[in-house]
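Enquirer: Produce the complete structure using the sequences and hints provided.
For the working numbering, add 1076 to where a residue sits in the sequence shown, where the first one is 1.
Hints are computed from structural coordinates only; laboratory data are not their basis. Even glycine gets a Cβ: it sits at the ideal position worked out from N, Cα and C. Errors might be hidden in some of the hints.
Unchecked claim - DEER-style ranges, computed between Cβ atoms:
id	residue 1	residue 2	range
1	E1290	D1353	26 to 36 angstroms
2	E1156	V1298	40 to 50 angstroms
3	S1378	I1240	34 to 44 angstroms
4	L1167	T1094	18 to 28 angstroms
5	R1189	E1104	39 to 49 angstroms
6	E1219	P1088	17 to 27 angstroms
7	K1095	Q1308	40 to 50 angstroms
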Amino acid sequence: MISDKDKKEFFPQGRDITKPAGFINAKEVSIAELTGKKVVLIDFWTYSCINCQRSLPYLVAWYEKYKDKGLEIIGVHTPEFAFEKKYENVLWATKQFGISYPVVLDNDYATWRSYDNRYWPAKYLIDIDGRIVYQHFGEGAYEETERKIQELLEERAAKLGYKIAVPRDVVRPVGVEEPGLPRPQSPEIYFGASRNIHLGNGVSEKRGLQTFAEPEGIKTNVLYLAGEWEIQDEFAENKNEGAKIVFRYQARNVFMVASSEEKVRAKILRDGKPLGDEAGEDVHEGEVTIKEDRLYKLIQESKGWGEHTIEIIIESPGLSAFTFTFG
1077 MISDKDKKEF
1087 FPQGRDITKP
1097 AGFINAKEVS
1107 IAELTGKKVV
1117 LIDFWTYSCI
1127 NCQRSLPYLV
1137 AWYEKYKDKG
1147 LEIIGVHTPE
1157 FAFEKKYENV
1167 LWATKQFGIS
1177 YPVVLDNDYA
1187 TWRSYDNRYW
1197 PAKYLIDIDG
1207 RIVYQHFGEG
1217 AYEETERKIQ
1227 ELLEERAAKL
1237 GYKIAVPRDV
1247 VRPVGVEEPG
1257 LPRPQSPEIY
1267 FGASRNIHLG
1277 NGVSEKRGLQ
1287 TFAEPEGIKT
1297 NVLYLAGEWE
1307 IQDEFAENKN
1317 EGAKIVFRYQ
1327 ARNVFMVASS
1337 EEKVRAKILR
1347 DGKPLGDEAG
1357 EDVHEGEVTI
1367 KEDRLYKLIQ
1377 ESKGWGEHTI
1387 EIIIESPGLS
1397 AFTFTFG
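Expert: Have a look at this one:
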């Protein structure tokens, strides 16, 4: 175990929550008030991020397992999109994912910047003395992270003179998708003008109304639209029925962050055919209904990685598309 002297030399002090826009599951929360009392796990996340969503079952399980052993988890919700700043949307997400630990709305990135963070998700473990002694970015390393939690809880118990038995097993949430073998994977694809550099048949980084002709040929990892679309900074919104999104991807699973003020239905095709067993959980009888501001699971392939073309044919105007992400 590292000595207190070495910790002071090599590990920075944990920074406190800065300029919170609100709290969920707590009236307020402070790193300073927890120092000397608890081990703290800071998790930077945002609710429409699929990588965050896949890590949440571990956080929920750790909180249930260790909250009475001296662990506090603080979810710092730092939004990627404007709709993720809405308190009611984040509250809905915490309920959907079974989160009961405190969540802080970091709408202006103040806490994110104080940690010099750059990733969703990102985990920082703070020991009983308030030092950041461990960090991990992205998915994975769940067993490694839990072992470090156990070590810090045992250290806490020894320092405070508590006789607490810290479990030595590790959680394995049911139904959680584990990272597969490394393969070529399509990058995150943005529809909005601020980042739509992969747009193939229109003017990228241009705001306003554009009319897109359906492409005759398509390239892998290039975004194609068909019909009339209003391009805003964060999203593209179709203005006519029958508008299309076409993308040839390399992945197992396809997700789309989208929303609509009114319910909009869209037909999903893969390689020109209706979806079968590979339909994602948000697709029913070959269609997805877009309404809430969230991530929609369109294709979830059990047979493994592949290269395919997804077509989304939108029945009516009003679908706002933010991103494609892949898994």
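Enquirer: Each of the hints needs a verdict: does it hold here or not?
Expert: Right, here's what the structure says about each hint:
In this structure the supplied range 26 to 36 angstroms holds for E1290 paired with D1353, their Cβ-Cβ distance being about 28 angstroms. Checked against the hint of 40 to 50 angstroms, the pair E1156 and V1298 fails, with Cβ atoms roughly 22 angstroms apart. Separated by about 42 angstroms at the C-beta atoms, S1378 and I1240 satisfy the suggested range of 34 to 44 angstroms. Evaluation of the 18 to 28 angstroms hint for L1167 and T1094 yields a pass: the beta carbon distance comes to about 21 angstroms.
At about 20 angstroms, the CB distance of R1189 to E1104 disagrees with the hint of 39 to 49 angstroms. Between E1219 and P1088 the CB atoms are about 25 angstroms apart, so this pair conforms to the stated range of 17 to 27 angstroms. Distance hint check for K1095 and Q1308: the Cβ-Cβ separation is about 27 angstroms, which falls outside the suggested range of 40 to 50 angstroms.
The structure fails hints 2, 5, 7 (numbered hints given earlier, in ascending order).
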